[in-house]
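**Student:** So you can see what is in the structure, the chains are spelled out below.
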Amino acid sequence: MNTTTTTRIVGAPVHRKEGIDKLLGRARYVDDIEREGMWYGATVRSTIPRGIIRSITYDRRVDWSEFVVVTAGDIPGDNHIQLIVADQPCLADGIVNHCEEAILLLAHPDKNKVREAVSAVRVEYEPLPPVFTIEESERQEQAVWGKDNLLKSFVLVKGDVDSVWNGAAHIVEGEYRTGAQEHLYIENNGIIAEWDAENGVTVWGSLQCPYYVHKTLIKIFDLPDAKVRVIQTETGGAFGGKEDYPSTLASHAALLAMKSGHPVKMVYDRMEDLAATTKRHPSRVRHRTALDKDGKLLAMDIDLATDGGAYSTLSSTVLSRATLHAPGPYSCPNVRVSSKSWATNNVPYGAFRGFGAPQAIFALERHMDEVATALGMDPVEFRRRNFLHTGDTTATEQLMRDPVMMDELLDRALKESNYYAKRAKFAAENPLSAVKRGLGIAAFYHGSGFTGSGERILNSLAGVEVTPDKQVRVLVSNTEFGQGTNTVLTQIAAESLGIDYDDILMAPSDTGIVPNSGPTVASRTVMVVGRLIERAGEQLLNVLRENVGLGARQTRDEFFAACERYRQTNGEVVSLVRYEAPPGIYWNDETYHGEAYPSYAWSIHVAQVAVDMITYSAEVEEFWAVQEVGRVLNPVLATGQIEGGIAQGIGYALYEKVVLNDGRMANNQMTNYIIPTAEDVPPIHAYFEEIPFSYGGYGAKGIGELPHDGPAPAIVNAIKDATGVGFRHIPLLPEDLFIGLAAHQQAEAPANR
Amino acid sequence: MKTSSLIHFTLNGESCTVQAPPMKRLLDVIREDLHLTGTKEGCGEGECGSCSVRMNGELVNSCLVPVLQAEGAVVQTVEGLACGGALHRVQQAFLQCGGAQCGICTPGMLMAAVQLVENNPHPSLAEIREGLAGNLCRCTGFMRIFESVLAAATTDYAAQSEKVENAR
Chain A
1 MNTTTTTRIV GAPVHRKEGI DKLLGRARYV DDIEREGMWY GATVRSTIPR
51 GIIRSITYDR RVDWSEFVVV TAGDIPGDNH IQLIVADQPC LADGIVNHCE
101 EAILLLAHPD KNKVREAVSA VRVEYEPLPP VFTIEESERQ EQAVWGKDNL
151 LKSFVLVKGD VDSVWNGAAH IVEGEYRTGA QEHLYIENNG IIAEWDAENG
201 VTVWGSLQCP YYVHKTLIKI FDLPDAKVRV IQTETGGAFG GKEDYPSTLA
251 SHAALLAMKS GHPVKMVYDR MEDLAATTKR HPSRVRHRTA LDKDGKLLAM
301 DIDLATDGGA YSTLSSTVLS RATLHAPGPY SCPNVRVSSK SWATNNVPYG
351 AFRGFGAPQA IFALERHMDE VATALGMDPV EFRRRNFLHT GDTTATEQLM
401 RDPVMMDELL DRALKESNYY AKRAKFAAEN PLSAVKRGLG IAAFYHGSGF
451 TGSGERILNS LAGVEVTPDK QVRVLVSNTE FGQGTNTVLT QIAAESLGID
501 YDDILMAPSD TGIVPNSGPT VASRTVMVVG RLIERAGEQL LNVLRENVGL
551 GARQTRDEFF AACERYRQTN GEVVSLVRYE APPGIYWNDE TYHGEAYPSY
601 AWSIHVAQVA VDMITYSAEV EEFWAVQEVG RVLNPVLATG QIEGGIAQGI
651 GYALYEKVVL NDGRMANNQM TNYIIPTAED VPPIHAYFEE IPFSYGGYGA
701 KGIGELPHDG PAPAIVNAIK DATGVGFRHI PLLPEDLFIG LAAHQQAEAP
751 ANR
Chain B
1 MKTSSLIHFT LNGESCTVQA PPMKRLLDVI REDLHLTGTK EGCGEGECGS
51 CSVRMNGELV NSCLVPVLQA EGAVVQTVEG LACGGALHRV QQAFLQCGGA
101 QCGICTPGML MAAVQLVENN PHPSLAEIRE GLAGNLCRCT GFMRIFESVL
151 AAATTDYAAQ SEKVENAR
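Chains as they are written, first to last, in my numbering: chain A, 1 to 753; chain B, 1 to 168.
Source of the hints: derived by calculation from the structure; they are not laboratory data.
The model shown is predicted, which means the values in this text are computed figures rather than measured ones.
Just so you know, even glycine gets a beta-carbon here, dropped at the ideal spot from N, CA and C.
Be aware that one or more of the hints could be misleading.
To be verified - Distance condition first, Cα-Cα at most 20 angstroms in a straight line; then the derived SDA-like pairs of lysine to any residue:
(1) A/K259 to A/Y58
(2) B/K24 to A/D110
(3) B/K163 to A/D500
(4) A/K111 to B/E45
(5) A/K296 to A/H170
(6) A/K111 to B/P21
(7) A/K296 to A/L375
(8) A/K113 to A/T57
(9) B/K163 to A/D503
(10) A/K422 to A/E619
(11) B/K24 to A/E619
(12) A/K422 to A/R412
(13) A/K113 to B/S4
(14) A/K111 to B/G44
To be verified - FRET-style restraints, in silico, Cβ to Cβ:
(15) A/D225 to B/S124: 53 to 63 angstroms
(16) B/G13 to A/A86: 51 to 61 angstroms
(17) A/P683 to B/E32: 33 to 43 angstroms
Assemble the whole structure, with the sequences as input and the hints as a guide.
**Tutor:** In structure tokens form, the structure reads like this:
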């Protein structure tokens, strides 16, 4: 990575690559696409959380000869979705383990008729006792998954926490909980599938990871790689919600296409998408913390549990990231994180921006405030006293070789938010006002890219090619769903090749065209894949210099002329490169020791919150976010990532409650699952400090998930600052605030008399 | 009840006639009968504003409008914004300020923003927040969108507007 020379295009606020198509309304999302002779699909789903299917009957008032019906028996290959563990059936086969589990599929030429027909299929069950909570699952009285309900567990140990308790000056304990959260991408999940005997399966859809879908389809249909083709259409938001679920939906649409002989479109409506697709894992985290008399951390003992739902999906890797983020950006000699993901009969939980880190960081950063209170210390100074610094080791004993600048980020956040002056002002005003104001802080890191050995296992391949009509195409399977993949990878390719932004096109996200450069997840695209594109560009220039006499400082015309000379002798002009791990990386998957992530992004959030003691509503009035994310490659896009993540984090803390009744989402509508609107989001101030990361694309680290980690604890800490009540769970809707604040007011009342 | 009616209205400056069930949603008529797919469906119950179009000078959720109500109306969709081969100044501002990310709320958001600045050429931030409150965006956190609307209201884009092919 070249960080010393100035760049022409990287770092500039160039316009979004596909921006004009989106602004003109001509970008083609899956529901905008029609295929000749297309039919429509629908899904018959379980109405109970757990049981044995006894019978399926079809209402005789419907002419079923017009329909195609697909059941598990129609699957030519393996009836499982291929994620980490292949435990989740594509279609239920005799037993259901959660509400909304897909049992059978219908297709018909008329979109309305197929929807109506769903309720004309009657499924009779023999119910089995369900499990809905972490506590019920860990009691193991009902085995709902495997022998023990345990989807995955980790133990991370540094030093010896148990040697510390007796000599500690303070021990502080706390339990913290987070609820499920819905992605609420504005475009619901959708797929179009085609099948023919010669070419196999082709699917188009709203999705993040074309090769994940490909991996499942080849198993479902028992086809060779070349006979399954997955093409991403313009995707209207994802946030992790289109990481794993499209594998299921694509399988469904493709099975209907095979049996009907027609292209089949399946686009969920909002109620089905909310009820049936994945959400963020609910969590329970217990902290036990030992400190010396000066407020230095001696030991952190953390017990972390998540509700994984009925199948394992991505719960093990979500748990891994939660485990590795649970101790946070603090230096502590003795750490133990014991984590478990439990199966229940809830709809399976899955990937969501942050991927376990927001849950772990909510608990940690709420707990840090509770520890500071117990010690009688300022929460800011308590954190500062314990921050990791360059040269320290993390809980996995990863040496912080690259600069860690938490102190500087904190100073900047305090200055920009005018933190101490505001807190003093609020402390003076609050006793006289029914609206109590406070400031809260959160300090955190987010590991960029796959965990531990993950990137080496992915072994991503990416590159660029030059077409005869002077177009450079970026060859990646990484997808655009709003974050700016197209724009930033184009900037990197243009920079690396020394040509213009407009000379570059993104090749279609089509497994028939692009190599597997890994999934579009884990804040890895710009850092990991961006670096591959940077190297692919350098490699191509070197090849052209060595073989066809390209000069050291070429013009655009000389570059394309050299490409044509090379094409004459070599046929095509393609430069592909594979991932290479940064040197000196050591990771042990058994002991969870070593370099957990190649790099970390660091951040401080400050929230200003007003709590109305009459209506019991909390409002975020202003928000400051200071972050170090390596080099910022496009300031407009990077700022948009930070602001959007913070808005989602505000929703996570104060608005978004998934209400489950016996494992079924009761509020599966936008009317009653509430996300922040234009009137709810406060002014958000984002500041970047830039330390280029030597092994990231032009110095970038991950950015996309980081901003979702901090808002919830910062906001709940601000509520504590405002009201004196330290809530230990989210979401906090007015009815939740009422319970805690009213109890506190009653308890305080006698003293006020 | 007649299953299908002839309905006439003006769409993006051109008169059109559709034969459709009178209770068919205007959204579906625009997308399915008239093949203008820029207008999106996000929730189907008037909460998200993705299907926003302008009808007789009002901003409406086209998922809540039976097409019979559009008889004789003047309707504008996102496809009707760019004019003379150039982006509308609100589109240009969204492009420059990063107002569109995934783009699925963008057509509806643009219609709401155009409605706002045409009725209130110099909106305050509070007026922008109120004017866009019926349009949900899950990507941006709204900051870039507010900036886009402010820029559209205050910048002269006549000279720098992006030229686009196939725009009206």
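**Student:** Taking the CB of A/D225 and the CB of B/S124, does the distance hold inside 53 to 63 angstroms?
**Tutor:** holds (57 angstroms)
**Student:** Within a Cα-Cα threshold of 20 angstroms, do B/K24 and A/D110 meet the stated pairing?
**Tutor:** Roughly 15 angstroms between the alpha carbons, so the hint for B/K24 and A/D110 holds.
**Student:** Would you check the hint for A/K422 and A/E619, treating anything up to 20 angstroms between C-alpha atoms as holding?
**Tutor:** Given pair A/K422, A/E619 holds - Cα atoms ~16 angstroms apart, limit 20 angstroms.
**Student:** Can the restraint linking B/K24 and A/E619 be considered satisfied, given a maximum Cα separation of 20 angstroms?
**Tutor:** violated (40 angstroms)
**Student:** Cβ-Cβ distance between B/G13 and A/A86: within 51 to 61 angstroms?
**Tutor:** For A/A86 against B/G13, whose Cβ atoms are near 55 angstroms apart, the range 51 to 61 angstroms holds.
**Student:** Between the alpha carbons of A/K422 and A/R412, is the straight-line distance 20 angstroms or under?
**Tutor:** holds (15 angstroms)
**Student:** Could you grab the alpha-carbon distance between B/K163 and A/D500 and see if it respects the 20 angstroms cut-off?
**Tutor:** Within the cut-off at roughly 18 angstroms; holds.
**Student:** Assess, step by step, whether the Cα of A/K111 is no farther than 20 angstroms from the Cα of B/G44, and give holds or violated.
**Tutor:** holds (15 angstroms)
**Student:** Is 33 to 43 angstroms respected by the C-beta to C-beta distance linking A/P683 and B/E32?
**Tutor:** holds (41 angstroms)
**Student:** With the threshold set at 20 angstroms, check whether the alpha-carbon distance from A/K111 to B/E45 stays at or below it.
**Tutor:** Judged against 20 angstroms, a Cα distance of about 18 angstroms means the pair holds.
**Student:** Between A/K113 and B/S4, does the CA-CA distance stay at or below 20 angstroms?
**Tutor:** Distance of about 18 angstroms is within 20 angstroms: holds.
**Student:** Does the alpha-carbon distance linking A/K259 and A/Y58 stay inside the 20 angstroms limit?
**Tutor:** Holds, because 19 angstroms separates the two Cα atoms, which is no more than 20 angstroms.
The structure shown violates just one earlier hint, number 11.
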